Amino acid sequence: MSAHLKQDAPVTDNRLDDMKQGVLGTATSRVEGLLKVTGTAPYAAEYPIDGCAEGVLVTSTIAKGEVTAIDEDSVLSMPGVIAVIDHPSLTARPAQGTAGEAPAQPARKVGYFGQPVAVVVAESFEQARDAAKQLKVTYRADDDVAFDPEAVDAEAQDGATSQGDLAHAMKEASASVDVTYRTEGHSSAAMEPHAAIAQWDGDTLTVHASLQMLNYNISELADSLGLDEGKVRLIARYVGGGFGSKLGISEETVAASVAAMRLDRPVRVVMSRQQVLQCIMRRSETRQRFRLAAGADGKLTGFGHEARVSNLPGESFAEPVLQSSHFLYAGENRELSMEVARIHRMTAGSVRAPGEAVGMPALECAMDMLAEELALDPVELRLRNIPEKHPASGLPFSSHKLAECLQQGAEAFGWDSGPRTPRHTREGEWWIGTGMASAARVHNVGEAKARVTLKADGTALVETDMTDIGTGTYTILAQLVGEMLGLPIDDVLVELGDTRHPRGPGSGGSWGAASIGSAAYLACKALRETLAERAGMTETDLALRDGGVVGGASLEELLNGETLVEEGHYEPGDVTDDYTAAGYGAFFARVRVNRFTGETRMEHMLGAFGFGRVLNTRTARSQCIGGMTWSIGAALTEAMLFDPVDGHLANCDLAEYHVPVNRDVPDLDVLFVEERDGVASPIQAKGIGELGMCGGAGAIANAIYNACGARVLDFPMTPDRVLAAMPD
Amino acid sequence: MRPFDYQRADSRDHAGQLTAGEHAQAIAGGTNLLDLMKLQVETPQTLVDINRLGHREIEDRDDGGMWIGALATNTETAVHPRVRSDYPVLARAILAGATQQLRNRATTGGNLCQRTRCYYFTNIDQPCNKREPGSGCGAIEGIAKLHAVLGASSQCIATYPGDMAVAMSALDAQVEIAGADGGTRTVPVRDFHRLPGDTPWKDNVLEPGDLITGVTLPPPVKGRQLYRKVRERSSYAFALCSVAAIVAMDGDTIARADLAFGGLAHKPWHDPEVGQVLIGQKPGADLFNRAADVLLRDARGYGENDFKIPLARRTLAAVLAEATGVEL
Ligand SMILES: Cc1cc2nc3c(=O)[nH]c(=O)nc-3n(C[C@H](O)[C@H](O)[C@H](O)COP(=O)(O)OP(=O)(O)OC[C@H]3O[C@@H](n4cnc5c(N)ncnc54)[C@H](O)[C@@H]3O)c2cc1C
Ligand code: SF4
Chain A
575 MSAHLKQDAP
585 VTDNRLDDMK
595 QGVLGTATSR
605 VEGLLKVTGT
615 APYAAEYPID
625 GCAEGVLVTS
635 TIAKGEVTAI
645 DEDSVLSMPG
655 VIAVIDHPSL
665 TARPAQGTAG
675 EAPAQPARKV
685 GYFGQPVAVV
695 VAESFEQARD
705 AAKQLKVTYR
715 ADDDVAFDPE
725 AVDAEAQDGA
735 TSQGDLAHAM
745 KEASASVDVT
755 YRTEGHSSAA
765 MEPHAAIAQW
775 DGDTLTVHAS
785 LQMLNYNISE
795 LADSLGLDEG
805 KVRLIARYVG
815 GGFGSKLGIS
825 EETVAASVAA
835 MRLDRPVRVV
845 MSRQQVLQCI
855 MRRSETRQRF
865 RLAAGADGKL
875 TGFGHEARVS
885 NLPGESFAEP
895 VLQSSHFLYA
905 GENRELSMEV
915 ARIHRMTAGS
925 VRAPGEAVGM
935 PALECAMDML
945 AEELALDPVE
955 LRLRNIPEKH
965 PASGLPFSSH
975 KLAECLQQGA
985 EAFGWDSGPR
995 TPRHTREGEW
1005 WIGTGMASAA
1015 RVHNVGEAKA
1025 RVTLKADGTA
1035 LVETDMTDIG
1045 TGTYTILAQL
1055 VGEMLGLPID
1065 DVLVELGDTR
1075 HPRGPGSGGS
1085 WGAASIGSAA
1095 YLACKALRET
1105 LAERAGMTET
1115 DLALRDGGVV
1125 GGASLEELLN
1135 GETLVEEGHY
1145 EPGDVTDDYT
1155 AAGYGAFFAR
1165 VRVNRFTGET
1175 RMEHMLGAFG
1185 FGRVLNTRTA
1195 RSQCIGGMTW
1205 SIGAALTEAM
1215 LFDPVDGHLA
1225 NCDLAEYHVP
1235 VNRDVPDLDV
1245 LFVEERDGVA
1255 SPIQAKGIGE
1265 LGMCGGAGAI
1275 ANAIYNACGA
1285 RVLDFPMTPD
1295 RVLAAMPD
Chain B
6 MRPFDYQRAD
16 SRDHAGQLTA
26 GEHAQAIAGG
36 TNLLDLMKLQ
46 VETPQTLVDI
56 NRLGHREIED
66 RDDGGMWIGA
76 LATNTETAVH
86 PRVRSDYPVL
96 ARAILAGATQ
106 QLRNRATTGG
116 NLCQRTRCYY
126 FTNIDQPCNK
136 REPGSGCGAI
146 EGIAKLHAVL
156 GASSQCIATY
166 PGDMAVAMSA
176 LDAQVEIAGA
186 DGGTRTVPVR
196 DFHRLPGDTP
206 WKDNVLEPGD
216 LITGVTLPPP
226 VKGRQLYRKV
236 RERSSYAFAL
246 CSVAAIVAMD
256 GDTIARADLA
266 FGGLAHKPWH
276 DPEVGQVLIG
286 QKPGADLFNR
296 AADVLLRDAR
306 GYGENDFKIP
316 LARRTLAAVL
326 AEATGVEL
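Note that the protein sequences, when read in sequence, are chains A and B.
Heads up: the first sequence runs through residues 575 to 1302, numbered per the working numbering.
Heads up: the second sequence runs through residues 6 to 333, numbered per the working numbering.
Just so you know, the hints here were simulated from the structure itself, not pulled from any lab data.
Predicted model, so just to flag it, every value in this text is computed and none were measured.
Mixed in with the good hints, there may be bad ones.
What the hints assert, rightly or not - Mimicking SDA-like on lysine to any residue, the simulated pairs with C-alpha atoms at most 20 Å apart in a straight line are:
1) B:K207 x B:T221
2) B:K43 x A:S846
3) A:K707 x B:R229
4) A:K710 x B:E137
5) B:K43 x A:P680
6) A:K963 x A:P1062
7) A:K710 x B:M6
8) B:K287 x B:E212
9) A:K707 x B:P277
10) B:K43 x A:F699
11) B:K43 x A:Q708
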């Protein structure tokens, strides 16, 4: 049986609050945690498969052109080498998130330096790696290849907003800011490299892979190979982080599959760390101009945000840096526009909070400058500019906790709302300062199905092809189903990451928990109807706890030897057209900046967030501190460095691509501002993970300014940049 | 990685014979060599494991100095009570490098011989005169943020990336080397690394078959010992610029100033004239600036690393201020 809901209206009954088990919303540890820390949770490359050959990708040494010849003989006689696979099905780029179709093919057509062009298969990994480096590949290289996003003409993007007369508003303003920020490219830098093992039994293909969205990935892979989806099975039970880079299939999954089909034997392909950085999605660098105009009352009269990002020719994705700018602040005169420069760096796509992760920090720096112009507390400036409704479309907000986050965050942090003059505090060599920023992230949901089986023994099984990429999906589903059916979580088994199960939404865009949680909720609700009938009461009166009706029959008795199965099917509906839904928050940061060396060190950071129902306080907090840690990276350390001559990525390992290390991360405080948002999802939950990164780097940048007076206009704010901007 | 033979040396002579071969290389902790082999930057045909040779001792010397065996791990050296009390600049420099896990494996000899982190050196699809003589230098026109502002050549602008050797240079430590011929010789750390000149592939003075057996630290001297490392993140990053300093005061004038710099050149940079500017003078901003003028008199940036020149000046001032107790 199935329970379907297309959400055309808000769901405000908040049914989960009526449940009696008391497991949802608690600080439950990850149910698979023990497996992970003991090394017994298998990741994609770790399945022991008999007779598995090893494939290593061969990558291009030009940025644009074509492979004209591959000299297989140059390696076929090397020990252990089985084959050089150079097949038209091999893919040249990763698939964009939710593409659902094959990415660019064939791999022979080169669009960026380091692109996979072939795969060498050998008996051992070491043999394949050696042969892949020895393989002689001849190219026809195009000259005149563009690498610099600022040196080419750019294409305007659809969806620009032009309202009123911004130039006039700027002229008339009591205070205004016109400033341009730049941010560098980011790599998702997930711990687990991209990896796949493919097995072909002559009819069907089974692939263990490291992927975020199996529901789309299965179509992408089938399309790449020209296979029917019914002949493909994808398995991704555990994923060591994705951060956007595993939304779509990438080259290793297709390469392993092609090789397995051609050689009729299982093949494993694991990217090296260098390949991960060179071949998978990057976050585009950005250039963003802000024009903010305000009256003496501190109310915005004009709001301009114009951005330039880049991508390869033919890619539809454009780092959506304006996403929150459309609705976050008031201002009747508005100009928002984006353009895309076509250059030959690796594919730009979704990386950790695409858009807001770099758009919000820059905006929040511009707001800090405006507050300074107005001599107004920056918290107060934000409070005065929270719009009543979407400033362009006029749609109502589904719920909006920005003011509460700003106020409660400021209070908890001990924010000083008095005058702010840089260099107010010095300890030895260090200037100490504070900064703040708003957080905002659009809320998304995706279609989702989950099957919940209530077995005769009174335990439950949840099945969906949804993935858990380290975020806690296993755990929150066990909690949610336990809550609905009155079961301790040990009595709920969750099976994820297998396309044999009903289609989930996939993990991405922070939409997983709200979407798959809603599907599981619908299934449980249907199960509760049946149980209520058997217990002789209405579903609303049915109180379940610890495996039975409170004060009544046990589930086992009600089931009477039967097994009940329900498939919950959640579909986003018209409600998304009627409201603007987003998560909100506020960041507060204290930093120290060395007045000699320009080094910045974090002292403290606090984030206050309102994102609907909190399903698990521990995993939600972990999502927030993860996002805040990425904020530190975006503010201080992370930058992809591209060679100006041939366009290759220079810093392609984790020693040189600097994500924050433990010592860079101070104590992070997280404050939840509880709310229920019935527009967001039937379980009143919104996205969490990415919100923690949407603006945080701005709070840090503003704190750098407040500490030492350096208004750095480029992210990340490395010592050289801070020194260059530091007044004497 | 290329296929290679693995041999374990059981004596110093045996190791010398094995490593004298053209395509043989010693392996100690392996934290640098194995990474480079995986990238096919280093392609030894024979790996000679020297971990059973001993040379792990850290001992007092009769003259009051110390001996640090070539195979003592960086952690063992950094936590040694006498190193900590008498040579704190060395302990601090080691602890400012890499991570705990790496320092547990890394050895004295391997640390001295670690190779540059130049992005073009570690990528065999790029030109690099150090890796492939005559292929050109990718960094000069490319990403040169890590690169040298002192003593570079038109062939190579790489830096020596390490921290430990910078402290050893300030301490004027001596490297003991056993040659393939059975003899031993002693080379000051200050002369151990080379400038790139026209032979950038030669990082240091070792010849095939040479093995470092250890490092001698001279008897401890009076003064404050500081190591300051400026980097992009607070741990697990190489120095943009570092300063090792041993500074002693005599009343209100500087009596001793042994200084060495990391992150600026193809070797730990020691310039005796910098110390001479300082000795006998009263510490202060002007004096520190004059010392920096001498240090940086021939400095040259390559665009991306221009910032290192003012950074070196400022870092030197910060260290000297801390060492002499003046407020700047
Ligand atoms: C990610 C990362 C970050 C790092 N960060 C820093 C840092 O911040 N600061 C820093 O100083 N270092 C840093 N290091 C480098 C680290 O200190 C070196 O890798 C280590 O010291 C090398 O020692 P090893 O014993 O492992 O050498 P190996 O890798 O075994 O050998 C390195 C080289 O030395 C030669 N060699 C070894 N022993 C001898 C000997 N006795 N005689 C002659 N030749 C010998 C080998 O043949 C080889 O060429 C970092 C390393 C990594 C991987
Ligand atoms: S700087 Fe030296 S190591 Fe780097 S590319 Fe040039 S020659 Fe090679």
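Q.
Hint check: K707 of chain A vs P277 of chain B, CA-CA at most 20 Å. Holds or violated?
A. 46 Å, violated
**Q.** 20 Å limit on alpha-carbon distance, applied to hinted pair K707 of chain A and R229 of chain B
**A.** Since the Cα atoms of K707 of chain A and R229 of chain B sit roughly 51 Å apart, the hinted pair is violated (cutoff 20 Å).
Q: Would you mind confirming whether the straight-line C-alpha gap from K710 of chain A to M6 of chain B stays at or under 20 Å?
A: Status holds; Cα separation ~17 Å.
Q) Going straight from one Cα to the other, do K43 of chain B and S846 of chain A come out at no more than 20 Å? A) With a Cα-Cα distance of about 10 Å, the restraint between K43 of chain B and S846 of chain A holds, given a limit of 20 Å.
Q: Measure nothing beyond the straight line between the CA atoms of K710 of chain A and E137 of chain B; if it is 20 Å or shorter, mark the hint as holding.
A: This hinted pair holds, its Cα atoms lying about 18 Å apart.
Q.
Holds or violated: K43 of chain B and Q708 of chain A, Cα atoms, limit 20 Å.
A. 13 Å, holds
Q: Take a quick look at whether K43 of chain B and F699 of chain A sit within 20 Å of each other, Cα to Cα.
A: 12 Å, holds
Q. If you draw a straight line from the CA of K43 of chain B to the CA of P680 of chain A, is it 20 Å or shorter?
A. 28 Å, violated
Q | Pair hint K207 of chain B and T221 of chain B, alpha-carbon separation not exceeding 20 Å | A | Violated, at about 23 Å.
Q. Is it true that the CA of K287 of chain B sits at most 20 Å from the CA of E212 of chain B?
A. 45 Å, violated
Q) Does the alpha-carbon distance linking K963 of chain A and P1062 of chain A stay inside the 20 Å limit? A) Outside the cut-off at roughly 42 Å; violated.
Checked against the numbered hints listed earlier, the structure breaks hints 1, 3, 5, 6, 8 and 9; every other hint is satisfied.
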